[in-house]
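Asks: Hey, can you work out the whole structure from these sequences and the hints?
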Amino acid sequence: MRRRQALGGAVLAVLLAAAVLGMVRAGQPAPRQDPVRSVAVGLRCPSCQGESVADSRSPIAAGMRQVVADQLARGRDPDDIRLWFVQRYGEEVLADPPVRGSGLLLWVVPALALVGAGYAAVRTLRPRARAAPAPAPAEPAPSDAAARRAWRAGSLGLVAVVVAVAVAAAGVRDGSTEGGEPPDPAAVAVLLARDMEQQSRFDAAAELYRQALRTRPDDGVRLRLGFALVRAGDTAGAEREARQVLARVPDSPDALLVLGLAQRQSDRAQAEVTLRRFLTAAPDHPAAAEIRRLLP
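Just so you know, we're using our numbering here: the sequence shown kicks off at 294 and counts up by one.
FYI, nobody ran anything at the bench for these hints, they're computed from the structure.
Just so you know, even glycine gets a beta-carbon here, dropped at the ideal spot from N, CA and C.
Misleading hints may appear alongside valid ones.
[Claimed, not checked] For each label pair, taking beta carbons as the anchor points, the in silico distance ranges come out as:
(1) S331 - S493: 24 to 30 Å
(2) D370 - E583: 37 to 43 Å
(3) Q537 - L588: 21 to 27 Å
(4) T573 - D389: 29 to 35 Å
(5) Q558 - D348: 35 to 41 Å
(6) P371 - R536: 16 to 22 Å
(7) R561 - D363: 34 to 40 Å
(8) S331 - P589: 51 to 57 Å
(9) Q563 - D370: 50 to 56 Å
Replies: This is the structure in structure tokens:
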């Protein structure tokens, strides 16, 4: 009996110590750090495997850090910035998305195991009342059987904790957790590039469009890259991108527009020919009126 009491006390002490340690660690203030990094560390890099936006060196992560810095400079709260990213890319952009589904096992099962083990320890350590002598034979006291059942329940709970943590860890390693895969890197890069263009950061936008093209070879993205290069002053690069599209779609209005605008820096006569082809192919294009004003 004393061995059982000692074992129960040891188990209860270990569980309580672990709980106290967890609460102490959770309550400790986080070390002061750069405000941009403190937000970026909670965002997942879409083009990286298991890296946060704070640690990744990819152009997409650099663009996301720039967005964070811009919004902080405008006085936005870090929670509002995270919400902005969630609204744009979904909850998968968060490094720690809200716990739901099977992820709740990591919280529910340990709590149940702690309750079960504590109950077992209390039942085992509680002193038994001495039975008064009775004139008739009495049935055996059920306390021993109850204690054994409680210990089995606590043991099963502890095993369940180990299994749940192992399954969750395996899910994190292979990317199959409820949080899902990160957002589509190409889509994120395009949206970030548009944000950069609105801020007249055309070089940064062009780099993001190039990043998107690496994972999604799309003519629409290539033409947006061409427009960004024209605005950044890289007319040779813009002309190269436009000709790649025209090789596949000879009458593409947007490709003709990019090519004509790029040629205006090097060959105005050829640029006029190209831009007139553009007006013929798309007379109602949103840029048509502006191009007519440019032409003699």
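Asks: Confirm or reject each hint.
Replies: Status of the hints after comparison with the structure:
The beta-carbon spacing between S331 and S493, approximately 28 Å, falls within the hinted interval of 24 to 30 Å. The hint said 37 to 43 Å for the Cβ distance between D370 and E583, and at roughly 40 Å that hint holds. For the hinted restraint 21 to 27 Å between Q537 and L588, the CB-CB distance of approximately 25 Å keeps it satisfied. Distance hint check: the CB atoms of T573 and D389 are about 55 Å apart, inconsistent with the given range 29 to 35 Å.
Our hint of 35 to 41 Å for Q558 and D348 holds, since their Cβ atoms are close to 40 Å apart. Range check, P371 to R536: about 45 Å between beta-carbon atoms, so the 16 to 22 Å window is missed. A hinted range of 34 to 40 Å holds for the C-beta pair R561 and D363, which are about 37 Å apart. The supplied range of 51 to 57 Å is met by S331 and P589, whose beta-carbon atoms lie about 56 Å from each other.
At roughly 52 Å, the beta carbons of Q563 and D370 sit within the given window of 50 to 56 Å.
Consistency note: the structure conflicts with the earlier hints numbered 4 and 6.
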